[in-house]
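S.K.: Chains as they are written, first to last, in the working numbering: chain A, 1000 to 1196; chain B, 1000 to 1196; chain C, 1000 to 1196; chain D, 1000 to 1196; chain E, 1000 to 1196; chain F, 1000 to 1196.
Since the hints were made in silico from the structure, they are not lab data.
Don't take every hint at face value.
One copy or two, either will do: identical chains are not told apart, so a pair holds if it fits within one copy or between any two.
Calculated pairs, DMTMM-like style, for lysine to aspartate or glutamate (alpha carbon to alpha carbon, straight line, at most 25 angstroms) [claimed, not checked]:
1. K1137 <-> E1015
2. K1137 <-> D1021
3. K1137 <-> E1147
4. K1137 <-> E1190
5. K1137 <-> E1074
6. K1137 <-> E1160
7. K1137 <-> E1035
8. K1137 <-> E1076
9. K1137 <-> E1155
10. K1137 <-> D1011
11. K1137 <-> D1028
Number of protein chains: 6
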Amino acid sequence: MTDSDAAPDLADDAMERFPIPDYEDLPEDLQERIAEETDRAGFTPNVFSALSYKPSHFRAFFDYHDALVEDTALEREEIEMIVVAVSGVNHCYYCNVAHGALVRIYADDPLLADQLVANYRTADINDTHRTMLDVAVKLTESPVEVEEEDLEALREAGFSEEALWDIASVTAFYNLSNRLAMFAGMRPNEEFHTLGR
Amino acid sequence: MTDSDAAPDLADDAMERFPIPDYEDLPEDLQERIAEETDRAGFTPNVFSALSYKPSHFRAFFDYHDALVEDTALEREEIEMIVVAVSGVNHCYYCNVAHGALVRIYADDPLLADQLVANYRTADINDTHRTMLDVAVKLTESPVEVEEEDLEALREAGFSEEALWDIASVTAFYNLSNRLAMFAGMRPNEEFHTLGR
Amino acid sequence: MTDSDAAPDLADDAMERFPIPDYEDLPEDLQERIAEETDRAGFTPNVFSALSYKPSHFRAFFDYHDALVEDTALEREEIEMIVVAVSGVNHCYYCNVAHGALVRIYADDPLLADQLVANYRTADINDTHRTMLDVAVKLTESPVEVEEEDLEALREAGFSEEALWDIASVTAFYNLSNRLAMFAGMRPNEEFHTLGR
Amino acid sequence: MTDSDAAPDLADDAMERFPIPDYEDLPEDLQERIAEETDRAGFTPNVFSALSYKPSHFRAFFDYHDALVEDTALEREEIEMIVVAVSGVNHCYYCNVAHGALVRIYADDPLLADQLVANYRTADINDTHRTMLDVAVKLTESPVEVEEEDLEALREAGFSEEALWDIASVTAFYNLSNRLAMFAGMRPNEEFHTLGR
Amino acid sequence: MTDSDAAPDLADDAMERFPIPDYEDLPEDLQERIAEETDRAGFTPNVFSALSYKPSHFRAFFDYHDALVEDTALEREEIEMIVVAVSGVNHCYYCNVAHGALVRIYADDPLLADQLVANYRTADINDTHRTMLDVAVKLTESPVEVEEEDLEALREAGFSEEALWDIASVTAFYNLSNRLAMFAGMRPNEEFHTLGR
Amino acid sequence: MTDSDAAPDLADDAMERFPIPDYEDLPEDLQERIAEETDRAGFTPNVFSALSYKPSHFRAFFDYHDALVEDTALEREEIEMIVVAVSGVNHCYYCNVAHGALVRIYADDPLLADQLVANYRTADINDTHRTMLDVAVKLTESPVEVEEEDLEALREAGFSEEALWDIASVTAFYNLSNRLAMFAGMRPNEEFHTLGR
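The shape of chain A in the complex, shown without the other chains (with noise of 0.2 angstroms):
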């Protein structure tokens, strides 16, 4: 926990094979960006000092990560659910427990994430989100065999071209997270591992 009027400290244990840079080092940009993340968190997530290892990599990983969701055809609770279980399928420890908590929060479900970091296909979900994920899953394992029949499969199930076009791009962003967050070897702030159970 950070205390309101103190700058937010990086965690140096944020990653274990690169180092974690002062906050004070920081350009400003990337300062107040994990300023007004700690404030709304109440702490600060460890992606954030992690990628501070790179500023301009920082930049461009949450800007991307903002468009992604903020400019969406897809309910923030959808875009949880794609990286939990993207995440579960690639064994990412960060994004398993720091989505995890998201999704509990989002989904306002305390059992989900557990549910599809194992399997989601024994999560509870309708049907429609069960396209959704399956389609995000092939395209994490196999993309090689995605087809317009997948693409069809999701326009049956409701989801719009937009839509579409989102769940791929939420998909293929958290196989780049997961990647780096298991080469950097990031280790989630404690707190996700607890909120919203």
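We have chain A; now place chains B, C, D, E and F onto it with these hints.
M.R.: Same frame as chain A, now just chains B, C, D, E and F:
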């Protein structure tokens, strides 16, 4: 090929599964970026036409791309080698061909792209680049198995800490890019098939 | 939660694909075992409700389980670590969550279960346990490749011959257990999601 | 072959990686069980010798086995077909050969075991058994993908609810058994290679 | 390119892992076959140089090849499409490039080879050829799953019984050829990279 | 068994998916080869009946086979060991059984075939043959990963350069043969199941 006085023309068949907007209808910043790219290449690479479908994603995608190639401890030739090896493993037609052209150009080697698409292990590359591609392909195919010893191998091959981060970031980004291109059915421009041969 | 004076109540939703019998209709030995377990845990773990479907299998399953945890060269914490690492690899929702709670309790570590579910390679464990889980996961994913050198690695890590047998036996048993739970659609009690966090 | 007056002899080479105890040193209940089995088969199947290494596990293993073959909605021939198909997929030498003999005997078919070891899809079996083995092999290779529709297929093939449970239980148990046999290096008795041919 | 009066020259770098003999030292029948091929192509394809290492295998290999292309119910274009799709899946540099050239020439399509190397599912081919390649790739990647229904799909696509046999035979032969080329480190002639583009 | 005075009889059930011609209708060279083989074996191996479907392929297949067993640096026993290990991995019923008989005969070992079908790693073979089968199975399952170090391992195990080529060629040929047998539904003669046991 485009006439230098004319506005760029976004090819209708740049991707198979989403519509391509008209150049004239794009936001000014996209028009500018596309015009520049078209001038440089002599044609409009289809990825620009395809991503115009959703301008907020266009910006995020190319900003991340630009960060990866502009603020990097890697040679551009190394970046393109990673892209083609990753895309070969993921079986992405668009990236095999478009970045295959770039690898031929940046590495000044007409054969290297076909080698990397097939099997980076038998490509004509030095030991340093072999280690680089070992890690990039492992992070692509089996991120769950990437460990400290993989980073150590890169260090022993002479890469700096920042270069390690950059190798992972390029790999991660093209795991995004491949999936987006494959989902959308992006098609490389004919020009890419022969450039640099 | 059960009232200590009342008979245990077998949850109807303990598994999705087979009916749960009434506690009152169970053979006396099953009633006794369930009552004991319910007293100990404060609720009836759903695996007991689920296996009540077929009493002869209930007895066989829990007798094997009891032999594994009672006559063993391993610490209980080690057994539960194996269970969660194996279940994470097999993607078993029931065992991830129910044994995740046990690993938190026996290892007195609120984070370890989420780490093991995701990727035992990046969990906060010592080298001895790393070797133990390397073999358990290999025996789960690719038993055909297990060889003398895997047993040798366990010996070098300090495990006795009996411990080697026990590591394999726990791994093998949860390859049974995961499959039975997944086929039957067993659901962990809500309590397990938060126990020990 | 054993002399009917003599005590059974536990073969030293029944498994490669753990020592085999002397029959005389075993607890009485194990001696009895082994004597019975030896009388019935005319030799002591090596799995009995191997599991004697740890008597509590011997009891648990054979009690579970006995429950599976004695309290079942399946024909014994069906059980052995599942065992051999599962063991073929897991590449377990002991179970391929020992249960191969049992499948030849119970199905009264000298060719069936070799067919099931290779590929159950091309074995001479009826459609009902084909469906049964489809599910058993899927539950073995990819339990995460088993869904309600797999159970439905079994029902449509004519299996009762209890038979569904039993098919899953036999499959699950031999996923235990294969892994234990493979880890311990169990070797089938020579007699099994030719029995029933 | 070879001078038509000169003897063919077997390139020393036609394969990396075995020595290439001198043309003059080859048995007369090999010399004749190589001279013919060199006349036809304008250069000596490296597979001829490589297989000269063992004349009895040279004869067997090319006799089988010739039977496949001369006594067939398939168009030559179809044969080359199978070869490139199979080689793409097996990641064979030699066959991707050398037969990529042939597919460009026989199908009179400069883009088709790069499409087939990447992913036959997104290549510009008709439904008949799509079915043909579905079966060829399945027989390559997972022969254990090929069943009567795969042959039926080919029949429904209009292929004769003999064509079915031929599709399987070409697929099977290039599973041989890919493995031999990959083991020996065969390298395509530079000419193949650009032929037919 | 055939009567030595009678013409060989090609079994109608030699393969499931293509018709078997009459012996009398075959070209003379096929008749001769089949008659010889039938004399030698005492029955007509079904692969001869099956390949009679297309005489040009019959000739090519057996000429290649003959080159592999007649002009070789390997012992015939070694060739058959490779064939059975490869066929076990590919799950080919015909080759497991027919070449299983040959391995029993040539290695004079009644157990070896069942061991190799299951898992060559646990077969009773010396270190030299273990290395030989490591490479053969790797070249079968994952040719893309075969590298110079695999050839080096064979050299260190004592194999000559020509033996390396021959190991790869036998492996490659049975990757052809397995696929053809599996596609056509070839069935081993009953005699093969017991020969050499």
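S.K.: Under the constraints set out in the numbered hints, which ones does this structure not fulfil?
M.R.: 2, 4, 7, 10 and 11
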